[in-house]
Structures are given as C-alpha cells and as structure tokens.
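K.L.:
These protein sequences, in sequence, are chains A and B.
Using this note's numbering, the letters of the first sequence correspond one by one to residues 1 to 259.
Using this note's numbering, the letters of the second sequence correspond one by one to residues 260 to 561.
I should point out that these hints are in silico values taken from the structure, not numbers from a laboratory.
Beta carbons: idealized from backbone N, C-alpha and C, even for Gly.
Each hint should be verified, as a subset may be incorrect.
Ranges between beta-carbon positions, derived for each pair [said to hold, decoys possible]:
(1) B:Val364 with A:Val42: 53 to 59 angstroms
(2) B:Gly436 with A:Arg173: 39 to 45 angstroms
(3) B:Arg329 with A:Met31: 42 to 48 angstroms
(4) A:Gly27 with B:Arg269: 25 to 31 angstroms
(5) A:Val100 with B:Gly436: 28 to 34 angstroms
Some chain A residues close to chain B (C-beta under 10 angstroms, calculated; not the full set) [stated by the list, open to error]:
(6) Asp3
(7) Ala7
(8) Lys11
(9) Arg13
(10) Leu35
(11) Ile88
(12) Leu92
(13) Val95
(14) Arg97
(15) Arg98
(16) Pro136
(17) Arg138
(18) Asp258
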Amino acid sequence: MSDVIAAEWLKLRSIRSTYFTLAVPVGFVAMAVLLAIYAVNVWDGLSPADRDHFALSSLATLNAEVTGICVAVLGVLAITGEYRTGMIRTTLTAVPRRRVLLLAKAGVVGAVSLVTGLVVVFGTFFITVAIVGGRPIRGQPSGVVSELPELFARVGAVPVFALFGLGLAVLLRSTAGAIVTVFMLGYVVPILTSHLPGPWNERLGSFLLGALPGQIVGGDNENSVYGAVLPPPVALLVLAAYAALPLTAAALTLTRRDA
Amino acid sequence: MIEVSELTKRYGRTVAVDGLSFEVKPGRVTGFLGPNGAGKSTTMRVLLGLDAASSGTALIGGRRYAGLRRPLHEVGALLDANAVHGGRSAFVHLKCLARTNGIGVRRVTEVLELVGLAGAARRHVGGFSLGMRQRLGIAAALLGDPGVLMFDEPVNGLDPDGVRWIRELMRSLAADGRTVLISSHLMTEMELTADRLIVIGRGRLIADTSVRELAERFGRGIAVRTPRAADLTGVLAAAGATVGSEPSGGLSVQGLAADRIGELAAARGIPLYEVMPRAASLEEAYMRLTSGEADYRAEGAA
C-alpha cells in the first residue's frame with residue numbers, strides 16, 4: 001500500500017496540470033491581498049456615516065470555495081488523465097488490486113488538497129486580518145479565535161471536493177463530463193435551488209456541499225444562496241457522505257469494469 | 260508458464276474469444292498469431308486481469324494475475340506502447356511504475372540502458388516516436404526481471420535495426436528460461452523469432468504447433484528429377500504415393516518420405532538427379548490456416 005501511495009504521489013507531482021490547478025487558489029490569495037489593501041484605503045477615506053454602509057465579506061471563505069473547485073478538478077484529472085492516455089492499463093498491470101489503487105489516489109489527492117486548503121484559507125485569513133489591522137469594517141471578523149472553528153470547517157470541506165471529483169471521474173471516465181458535473185453542482189445547482197419556492201429553497205439548499213461548513217459550526221449561512229436547516233452533526237455527516245458515496249460507487253465500478 | 264483454459268470473452272453480443280485453450284511453456288519464444296480481430300489482444304488483456312473472462316480461466320504460473328501482490332516481478336507485459344502519459348519523461352514514467360512494486364531507481368536506469376533509451380531518459384514521452392515508445396514499453400516490462408513476458412505486436416513501428424534488436428532480445432529472454440509470448444499478425448516475423456506457434460482465428464484455436472511442423476504440414480510434396488520419369492511414377496504409385504508431373508519436367512511426389520523414394524528408386528536401379536522436399540513458406544501455411552477466419556477482409560482479396 002505504501003509503495004502504491006508513493007507512486008501516486010510521484011505521478012501527481014510529475015504532471016503539469018497539477019501545478020496549473022493549484023496555482024489558481026494561490027493566485028486568489030494574491031488577489032485577496034490586493035482587494036483587502038484597496039478596501040482599507042477606501043475605508044480610511046470615508047466619513048464615519050459612510051463607513052456604516054461599507055462592507056468587505058470574508059475573503060478566506062471565498063478562497064476556500066475557489067480552492068474546493070480547483071482541487072475537485074485535481075481529483076478529476078488524477079484519474080481521467082490515465083483514462084485519456086490509456087495509462088490506466090499500464091497502471092492496473094502494475095497494481096492489479098484496484099481498490100488499493102483507488103485508495104492510494106484518494107489518499108494522495110486528499111492530502112494535497114488538505115494542505116492546499118490549510119495554506120490558502122489560513123493564509124488569506126491572517127493576511128487579511130493584518131491588512132485590515134483592527135478597523136471595524138463590516139463583514140470582517142472581530143477576533144481571530146472566534147473565527148477558528150469556521151476556518152477549520154472550511155478547510156475540512158476542501159479535500160471533500162477533491163474526493164468527490166475523483167469518485168465522479170472514475171464513474172464517468174471523462175475529464176469534460178466530470179468537470180462540468182462538478183461546476184454544475186458547485187455553482188449552477190445552488191443558484192437554481194435558491195430560486196425554488198420556500199421552504200424548499202432552504203431545505204434543499206442546506207444539503208449542498210457549499211452549505212455544509214457553515215452549518216457544521218452552527219452558522220446560519222446568511223447572505224448566501226444556501227440554507228441552514230441541518231444541525232452541526234448532521235451537516236458533518238452529509239459532508240463526509242459527499243466524499244464517501246462517490247468513492248464507494250467508484251470502487252465498486254472500478255473492480256467490476258473491464259479496463 | 261501460461262495456461263489458458265476454455266477461455267471465453269464476450270463484449271455484449273460479440274464473442275472475442277471463444278473456448279480458447281493453450282499453454283505457453285518456458286524456455287522458448289511462443290508466437291501468438293492470428294488476423295486482426297482474432298482475439299489475441301483480448302486474450303492478453305484477460306491474462307493480465309484488465310478484462311474479466313466471461314468463462315474459463317487464464318493463469319500465469321498457476322495463479323490469476325489479479326491476485327499477484329507485486330506482479331511486475333513475475334510478469335512483464337507490453338500491450339499498448341501508446342498507453343503512457345505524454346507529459347512525463349521516460350525516466351519518471353518508469354520510476355512511477357517501479358515504485359508501485361518496490362523496485363529501485365537503479366533498475367530504472369538499467370532497463371533504460373538495456374533498451375537503448377538512456378540518452379532520451381529525461382525527454383517527455385509525448386515527443387517519442389512509436390519505435391521509442393515500444394522500447395519504453397519493453398523497458399517497463401523488464402523492470403521487475405520477470406519470468407513471464409508478454410508482448411502484443413512488439414515490432415510495430417520499429418525500423419529494421421529495432422526489429423532485429425527485438426528478435427534477439429526475445430530469443431535471449433527465452434534462452435534464460437523465461438516464458439515468452441509474442442503476438443503478431445505477421446507470420447514472416449514469427450518465422451524468425453518463435454519456436455512454437457499458437458494460431459487463432461475468430462477467438463478459436465486453429466493450430467498449436469512448432470514452426471517446423473506447421474511448415475511440413477502444408478508442404479507441397481517432394482520434387483524429384485529423374486531421366487526415367489514414367490518408370491519411377493509407376494514404382495512410387497504402387498508404393499502408395501500420389502505422383503504428379505511438374506511443368507519443369509520433374510515429378511511432384513506426395514505421401515512418401517524422401518528416404519523411401521530414394522530406396523525404392525535404388526531397388527529398381529532408377530537414377531535420381533534430385534530429391535528435394537518442398538516446405539510451404541510459413542506465410543503460405545498461415546494464410547491457408549486462417550483463410551475464412553479473418554473478421555475484416557477486403558472484398559475479393561481472398
């Protein structure tokens with residue numbers, strides 16, 4: 001197993017698409033820095049009355065979502081890259097135990113995503129806090145410690161995106177198909193759901209992947225397309241299911257299907 | 260040792276392999292022959308656990324491939340030279356494969372040298388010619404120094420030097436006592452490389468024979484030249500042979516061995532100028548064996 005993990009780690013490191021995919025969230029950290037500097041400059045020039053109408057939403061949350069989508073693509077490419085080139089047959093000849101192969105891929109993609117999530121989310125958060133420098137801008141956290149649970153929940157959701165993408169891609173074997181599905185679920189479905197008549201927009205909107213980190217820490221997902229009807233433990237379970245169900249289906253399919 | 264027994268593989272309603280049984284023994288090169296679409300690649304894919312058999316078994320060393328923990332140490336295979344990720348270098352590609360089976364980097368360097376790719380080791384595989392990819396695939400097959408080797412059409416895309424290199428490599432691998440199975444649709448290539456032949460068509464076994472036996476089975480009799488053709492014809496016909504006359508004036512004898520023809524002629528004092536067994540070319544034998552077995556054929560070509 002450890003040999004297969006080491007090989008998958010080497011595989012992931014040795015293709016360019018990995019670096020392109022991970023460069024996007026890192027680029028968003030830089031963007032968050034510029035945005036925060038700009039916001040602070042504007043804020044400083046405002047009268048006290050105008051400052052009440054000025055808000056800067058959480059850039060760490062935004063970047064957590066961007067990272068989620070990017071690592072979902074990473075998870076997709078980890079397997080569709082092999083199907084597209086035919087490399088999968090060479091791989092399966094070297095590792096005929098297909099569940100072991102899938103587990104190793106999931107482990108590597110999951111770990112890389114988790115680390116990326118930690119760096120991007122906490123990086124964005126602390127840099128923003130430093131730039132805001134205690135100014136009471138609306139939408140910005142008042143303290144560091146009170147924000148930690150939500151930050152960890154957001155980081156925890158990042159590898160779930162990656163595993164969701166990986167599982168889906170094993171089932172579809174198509175880069176385009178899997179990435180389109182990820183984007184539909186990440187962007188289009190939440191918007192559609194939010195336009196449903198109440199209370200279904202709230203109810204269904206609570207089960208969407210992006211709705212879960214907020215609910216895990218007992219938040220109300222206000223000012224978002226998401227609902228918040230789930231208690232924290234249920235939200236945590238649903239989050240785990242987003243990774244576990246596609247991966248289980250992938251394992252069953254992979255072991256039964258001709259390569 | 261490869262054992263295929265009553266193997267059947269269906270894809271939907273298409274039967275790719277149909278009750279196929281054969282054995283491949285170590286210490287010699289076995290050619291796996293058949294027209295395109297005969298089921299060679301499918302059989303190899305089932306042997307490697309890539310596709311599941313519909314029924315029957317395909318075992319290597321008495322075991323199913325899917326049950327091997329570190330298969331590269333036991334079986335080396337090249338199915339499709341293009342089944343590589345073009346963005347990796349030859350070295351990294353092999354290193355990834357080696358790592359899965361606990362094989363060190365030193366062996367990677369070794370096999371790259373062995374197949375003549377040492378100079379291109381750091382280049383991206385995407386820029387390799389088909390011949391270079393074949394060499395890379397063979398390097399991958401040799402990584403674990405396995406006792407069983409399987410190559411699907413290994414000479415495809417190789418230049419004459421490469422073809423000769425493969426031929427010698429296969430023979431030396433077999434001489435080490437390894438089991439070597441090479442598929443091909445070209446009899447001329449197998450004639451020079453293989454000792455044993457397994458011929459299939461439409462998924463069924465047509466012949467499991469040695470190269471020599473096959474040539475003899477489709478032999479065109481023995482050419483005999485004598486000044487007393489009429490006398491010899493009578494003598495040989497009486498001994499049970501079928502005798503025809505050749506356009507060149509000689510006789511064509513079937514059903515008697517050359518030794519016996521000589522003895523019969525000597526007993527009657529008939530001089531013989533020439534006694535020459537004429538083996539069919541393997542190409543011809545193969546064409547006759549597989550005629551009607553090709554799935555895809557141009558109209559009128561038969």
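K.L.:
Are Val95 of chain A and chain B close enough, Cβ to Cβ, to be under 10 angstroms, as the hint says?
P.N.:
5 angstroms, holds
K.L.:
Should the interface hint for Asp258 of chain A be scored as holding, given a Cβ-Cβ cut-off of 10 angstroms against chain B?
P.N.:
4 angstroms, holds
K.L.:
Take a look at whether the Cβ-Cβ distance between Val364 of chain B and Val42 of chain A falls inside 53 to 59 angstroms.
P.N.:
Hint holds: Cβ distance 56 angstroms, inside 53 to 59 angstroms.
K.L.:
With a cut-off of 10 angstroms, does the beta carbon of Leu92 of chain A approach a beta carbon of chain B closely enough for the hint to hold?
P.N.:
With a closest approach of 6 angstroms, the Leu92 of chain A hint holds.
K.L.:
Have a go at the Lys11 of chain A hint: is there a Cβ in chain B nearer than 10 angstroms to its own Cβ?
P.N.:
At about 5 angstroms, which falls below the 10 angstroms cut-off, the nearest Cβ of chain B leaves the hint on Lys11 of chain A intact, so it holds.
K.L.:
Holds or violated: the hint that Arg13 of chain A contacts chain B, with Cβ atoms closer than 10 angstroms.
P.N.:
9 angstroms, holds
K.L.:
Taking the closest Cβ pair, is Ala7 of chain A under 10 angstroms from chain B?
P.N.:
Nearest chain B Cβ about 4 angstroms off; hint holds.
K.L.:
Min Cβ distance, Arg97 of chain A to chain B: is it shorter than 10 angstroms?
P.N.:
With a minimum Cβ separation of about 7 angstroms from chain B (threshold 10 angstroms), the hint on Arg97 of chain A holds.
K.L.:
Taking the closest Cβ pair, is Asp3 of chain A under 10 angstroms from chain B?
P.N.:
Holds. Min distance 5 angstroms.
K.L.:
Going by Cβ atoms only, is Arg98 of chain A closer than 10 angstroms to chain B?
P.N.:
For Arg98 of chain A, the interface hint holds, since the closest Cβ of chain B sits about 8 angstroms away, which is under 10 angstroms.
K.L.:
Given a cut of 10 angstroms on the nearest C-beta pair, is the interface hint for Leu35 of chain A held or broken against chain B?
P.N.:
Where the cut-off is 10 angstroms and the nearest Cβ of chain B is about 34 angstroms from Leu35 of chain A, the hint is violated.
K.L.:
Is the distance from the Cβ of Gly27 of chain A to the Cβ of Arg269 of chain B consistent with 25 to 31 angstroms?
P.N.:
Once the Cβ atoms are compared, 51 angstroms apart, the range 25 to 31 angstroms for Arg269 of chain B and Gly27 of chain A is violated.
Hint violations for this structure: numbers 4, 10, 16 and 17, all remaining hints satisfied.
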